[in-house]
Amino acid sequence: EDQVTQSPEALRLQEGESSSLNCSYTVSGLRGLFWYRQDPGKGPEFLFTLYSAGEEKEKERLKATLTKKESFLHITAPKPEDSATYLCAVRGGSEKLVFGKGTKLTV
Amino acid sequence: DARVTQTPRDKVTEMGQEVTMRCQPILGHNTVFWYRQTMMQGLELLAYFRNRAPLDDSGMPKDRFSAEMPDATLATLKIQPSEPRDSAVYFCASLGEETQYFGPGTRLLVL
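Quick mapping for you: the protein sequence lines, in order, are chains A and B.
Going by the numbering used here, the letters in the first sequence line up with residues -8 to 98, in that order.
Going by the numbering used here, the letters in the second sequence line up with residues 6 to 116, in that order.
Chain A on its own, in the form it takes in the complex (with noise of 0.2 Å):
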């Protein structure tokens, strides 16, 4: 069965300290692991999918990398806009997708 676990569950920053969230899974045959972003009231918003370990794809000051067990989503000196919730998920062999708990980032 697909997993994915998020780490932390909650984060809190200033303004300017960057840091990174964490994704783990396990996936039988992965065809790729997606980030969202969603804030409050609203549906996930699509930031990356990566597809091969080695992998990394950059967004303003998000930047995403994969390895064969984990993601980082690595954000450079965070501003109070990048507060949202932060959800990781992975596709194996259909196109279902297998969310993460989420990781509520507080700048």
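In case anyone wonders, no lab produced these hints; they're calculated from the structure.
Hints may contain errors.
What the hints assert, rightly or not - As a list, the in silico DSBU-like pairs of lysine-lysine whose alpha-carbon atoms are at most 35 Å apart:
no., chain 1, residue 1, chain 2, residue 2
1, B, Lys67, A, Lys87
2, A, Lys95, B, Lys67
3, A, Lys92, B, Lys67
4, A, Lys50, A, Lys70
5, A, Lys95, B, Lys83
6, A, Lys87, B, Lys16
Unchecked claim - Beyond 12 Å from chain B on every Cβ pair, some chain A residues (computed):
no., residue
7, Arg3
8, Gln5
9, Thr17
10, Lys60
11, Glu61
12, Phe63
13, Pro71
Computed from a prediction, not measured in an experiment: that's the story for all the values here.
Ideal placement from N, C-alpha and C gives every residue a C-beta, glycine not left out.
Please arrange chain B on chain A, whose structure you already have, making use of the hints.
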């Protein structure tokens, strides 16, 4: 800017009543998902469709929940009868080339 739309945005009902939630996927997306989100369980997949045919509804309580796609522009999720434990946010998502795109959700409160 193409988006998934959902109605209603908020629903308050009493235990035992029927609840119907609607979703309009992004035009051209032929795979549609229904999720439920709670604080305890996070995002859970209830069911999904491809080309309007149900592919997997194993996450859905069959005795009270039903999901359909009457046409390519409408997906529905019904709960009958509703129970307080059904209180959650229900999201619809449609599958694009790279990933799933989510609607704004229906927040359901069953009293």
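Against the structure, the hints:
{"no.": "1", "hint": "B:Lys67 - A:Lys87", "in the structure": "19 Å, holds"}
{"no.": "2", "hint": "A:Lys95 - B:Lys67", "in the structure": "32 Å, holds"}
{"no.": "3", "hint": "A:Lys92 - B:Lys67", "in the structure": "25 Å, holds"}
{"no.": "4", "hint": "A:Lys50 - A:Lys70", "in the structure": "14 Å, holds"}
{"no.": "5", "hint": "A:Lys95 - B:Lys83", "in the structure": "31 Å, holds"}
{"no.": "6", "hint": "A:Lys87 - B:Lys16", "in the structure": "27 Å, holds"}
{"no.": "7", "hint": "Arg3", "in the structure": "19 Å, holds"}
{"no.": "8", "hint": "Gln5", "in the structure": "26 Å, holds"}
{"no.": "9", "hint": "Thr17", "in the structure": "16 Å, holds"}
{"no.": "10", "hint": "Lys60", "in the structure": "20 Å, holds"}
{"no.": "11", "hint": "Glu61", "in the structure": "18 Å, holds"}
{"no.": "12", "hint": "Phe63", "in the structure": "19 Å, holds"}
{"no.": "13", "hint": "Pro71", "in the structure": "23 Å, holds"}
Of the numbered hints listed earlier, not one is contradicted by the structure.
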